[in-house]
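Construct all of the structure, not just a fragment, from the sequences and the given hints.
Protein chains in written order, with the numbering used here: chain X, 1 to 764; chain R, 1 to 280.
Where hints are given, some of them may not hold.
[Unchecked claim] Going by beta-carbon spacing under 8 Å, a handful of chain X positions derived as facing chain R: (1) T95; (2) T611; (3) E635; (4) T689; (5) N690; (6) I692; (7) P694; (8) E753.
[To be verified] Over 12 Å on every C-beta distance to chain R, these chain X residues come out as not near it, computed from the model: (9) T25; (10) F61; (11) G84; (12) D284; (13) R299; (14) E396; (15) G445; (16) L702; (17) A756.
For the record, the hints were derived by calculation from the structure and aren't laboratory data. Just so it is clear, CB atoms sit at the ideal spot from N, CA and C, and this is done for glycine as well.
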Amino acid sequence: MQTQSGGPVGQSVPRVDGVAKVTGTARYLDDLDLPGAQHGVTVRSTIAHGTFDGLDRDPAFDWTGITVVTADQLGWGKGLAAGGFGENYIAMLDTDQPALLPMGGCIKHVDEPLALVAAPTRARALAARAALTPRQTAKPPVLTVDDALAADIKLYKDDNVFKSFLIRKGHVDDDEFEIAMAGAATVIEGTYETGAQEQMYIETQAMAAWPDAGGLRIAGSMQCPYYVHKAMKVLLGCGPDEVAVAQTVTGGGFGGKEEYPSMLAAHCAMLASAVGGPVKMVYDRDEDIAATTKRHPSRVRHRLGLRSDGSICAIDVDVIMDGGAYLTLSPVVLSRGVLHAAGPYRCDVTRVRGRAVATNHPPHGAFRGFGAPQTTFAYERQIDKAASHHGVAPWEFRDRHALRAGDTTATGQLLEASVGTDDIIRAIRDVAGAAPARDGINRHGAPVKRGRGFAFYFHGAGFTGSGEQRLAGRATVRATADGRFEVLASSTDMGQGAITIFTQIAAGALGVAPELVRVPDPATDEVPDSGPTVASRTCMVVGGLVERAARTLRLRIEAWADTAGVKGDLGALAAAMFGRKAELDPQHGGIAETVQYEPPPGIHWDDATYTGQAYPCYGWAGCLVDVEVDLDTREVALLRCVHAVDVGKAINPVIVKGQIEGGTVQALGWAVLENIVYKDGRVANANMTNCIVPTFADIPELETVIVECPYPFGPSGAKGVGEIPMDGPAAAVANALGDALGVAFDRIPVMPEDIARALRRGDA
Amino acid sequence: MTAYLRPATLAEAVAARAAHPDWMVLAGGTDLMVNANHRPEPPGIVDLWGCADLRGIVRSPDTLRIAAGTPWLEIIRHPDVNKHLPILVAAAREIGAMQIQARGTIGGNIVTSSPVGDSLPVLLALDASLDLASPRGRRIVPYHEFCTGYRTTRLAVDELIAAVIIPLPDAATHLSWRKVGTRAAQSISKVMAAAAIHVEDGRIVWARFGLGAVAARPIRAVAAEHAAARRAPDAATARAVGDALAGEITPISDIRSAADYRLEVAQNLLMRFVLNAGRA
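Take a look at the structure:
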């Protein structure tokens, strides 16, 4: 499975998109020249729950050249071919979320789209929007998960539960479970809460649509062109060839451009259809923060049953996530949350329950880590309390009880290969050094308390269970007439480096220089469906497809050359092969190999009981954080952060390091800075002035350790890296704050205001 | 369309201001640009950036005179400001990032008069005065009388700030300043405090405390100042200052912070300033 030594895999080759981005020549959606394009804006609800009664137009406004679209005028059910639309919902997992709320419909959150406006200029579109006033009748909203579960107000089915899970290991029913828990010498109990988090990608949501060859073409900033394609087929009521979706250069996603772009594409499609020409929509920052998806807020109750020797005899976890107003991806986020909730620790009896509930918040959705950061925060706080209870040093306690090869996870998955525990434990131990002095004085003359915290965690790489098999992703590598090669995959580069590592993997497997390989921006009418760009699967799964396609192509070209008696490097051979028309693959207009995902042997997963191999493999990570708290201002200074991550194989070490550092910073921000404030269901701090994310001045000294425990079925051994850095640092920060102040911080973000209150209460 | 005037001198600017009292005055533009998306377009703009006599810093034996259009970066880099008014430099460094500091002006900060304006508590602690110009002539207004309420000032509709005049503190005056924001840089303040504490023979002769983000306008903590005066800069005095402060400010809870936190931190900062003055 190894590529030849000396190839580009494992080298930090420069990002193939780097120069264009740094010099400003990369063209994001808003940079595209779309002649005659009108500007679209959205009229939104201002109440969290109620009815949409109508839309008033200001008669004094000059409506010349303005197009207003409401759901009621779109010809639902007629289909694209008949000049109408298909069905009014965003096709993802359920049918509950309208693309545009019909009049008389139920408003379920603030900033829900009610109508669309297009105008020749953005200023005119905004002025027209200001001249439109929706009539709304407010009803009492559901704004907490407790109110959702009480179900006095029903937002989704009878119980407001989008999805629930129950995973049992080592017991058959609750009675048996409680007997196991009753056998514990000590039970550590805690309730942990995490807040919503905004992705804050640099490029806001942006999309365009225009009529094209009897169908419709969509282009924009997105992670998953085929998700948008699927949603458009349903919305437009058309076949797969009547709509094409193309990704444009995308300035960050972090999950925020996984499901939401389908909404934006739907709106662009409606407006483009109404005006009969191109329409583009680019959200401004405030609208993006207010209306689009954020990380699910969570509440996790955790019971850890410990034997007198500190080993774990039972784990009980109950996870509740606030899904917001519509189902969107909540079941999948919850799934990953519960699958990680018991943590990477040995325990024969575990029970994990999870519920994602409906509230009148704007829908929460995908965000790097995808449910795992929430449950990781809970179990790593618990493990710290357990270590403290037993008087064992926190890292030592983790070393004693962490999963190793031969152990089983909470789903009964036997861990065989690629378990990085020992390497991670050692890496952190090697670089940890002495903890900072407990007491000190800072440059302001203020007294400070310092502390150190740890966290250890794992993250399943790729889709859950049989997801990859069901998806059956495909990728193509083809030769072009000039002796170069192209990788065709629907995985997008949103800044994380996907196209660079695809270039490296393909070049390595082809045995050519990376300069000969190109990865075009994906469009659904040009690339096969490799699946969405999510779940830390791009390198491990799609990279694996690229490697196999490239290798197959190379063998075919070399075999042809042997037969034909042609000599030269692979590019020359391909060019020669192009000269013989008979060899060309008509479907791809050239010499191409397409491969489809094949699961590693012996995979077993039971969706009904949620047992078996939850993920093909796991990444493993450890984090150390040193903090300093200013006792005058209660401000937290992050002094140092060491993050060791097992990625299997670093295809491009600089990119891997970037992924780890970026994820770490997002996690640190989530822990102590990022505080989405909901007020009556509305995001009250929907601007960058008050919706705080870290700057470089807030970031500690970051030390990254790349650990490589190869995954036998990943390209050159690689497994995922995108999400795992997000999972654990928040717990390490809370643990460090506990160490510094002797106070338990079980809710994040931990703001200075919280520290002030905790110290005033004398929680210590 | 918005009309636009770009006077070349303060005199021209004053005339333009008087002729168009409803126009917006543009200095560095850092507030104007923030508001561009949220406020109606002004009928016109008087752009002061071209007024050469609205820029620069002049030292006299007892004062520094900073022309109102001087951008923060110039203030940060000026040797006399660094030598005599280090807390003004420290506050200026907290204003946005370098790009903002290169455009934003001291006069703009004063006229916007936000309760969280970064330089304003420092100007209070330093007992700055403002030189105001209008067609009616010039007048000097002590800065601590200038702010009247939430973003309101004594500036008349035909007036511009010509300069800020700051008396030079002597060696016995301990200057302190601290901003507590929502993060380490580029942040809006939750609490700001500045102090000038004059210590002779181990006793505080007088103290001036300027606070930001704890009231509708930047304020002097007069009761706390009285509590500090004629006492040793020790822990007992610090406590008295903290207690006095609790009686004179009632901060609010808002999107950025909470009332209880703001009061506690404001107390802690003034108490620390008193203790540091004793230690120096």
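Can we trust that X/E396 is non-interface, i.e. its beta-carbon lies farther than 12 Å from all of chain R?
holds (33 Å)
Do the numbers back the hint for X/T689, that is, is its least Cβ distance to chain R under 8 Å?
holds (6 Å)
Taking the minimum C-beta separation from X/L702 to chain R, is that value above 12 Å?
holds (15 Å)
Measuring from the C-beta of X/N690 to each C-beta in chain R, is the shortest one below 8 Å?
holds (5 Å)
Holds or violated: is the Cβ of X/D284 farther than 12 Å from all Cβ atoms of chain R?
violated (7 Å)
Holds or violated: the hint that X/T95 contacts chain R, with Cβ atoms closer than 8 Å.
Hint on X/T95: violated, closest Cβ of chain R at ~36 Å, above 8 Å.
With 8 Å as the cut and Cβ atoms as the points, is X/E635 at the interface with chain R?
Holds. Min distance 7 Å.
Assertion that X/F61 lies outside the chain R interface [Cβ separation over 12 Å]
About 15 Å separates X/F61 from the closest Cβ of chain R, which puts it past 12 Å; holds.
Measuring from the C-beta of X/P694 to each C-beta in chain R, is the shortest one below 8 Å?
holds (7 Å)
Supplied contact hint for X/E753, tested at 8 Å Cβ to chain R
Hint on X/E753: holds, closest Cβ of chain R at ~4 Å, below 8 Å.
Closest CB of chain R to the CB of X/G84 still more than 12 Å away:
Its Cβ never comes within 12 Å of chain R, the nearest being 36 Å, so this holds.
Using Cβ atoms and 12 Å as the threshold, tell me whether X/A756 really stays out of contact range of chain R.
violated (5 Å)
Figure legend: structure checked against the earlier numbered hints; hints not met, in rising order: 1, 2, 12, 15 and 17.
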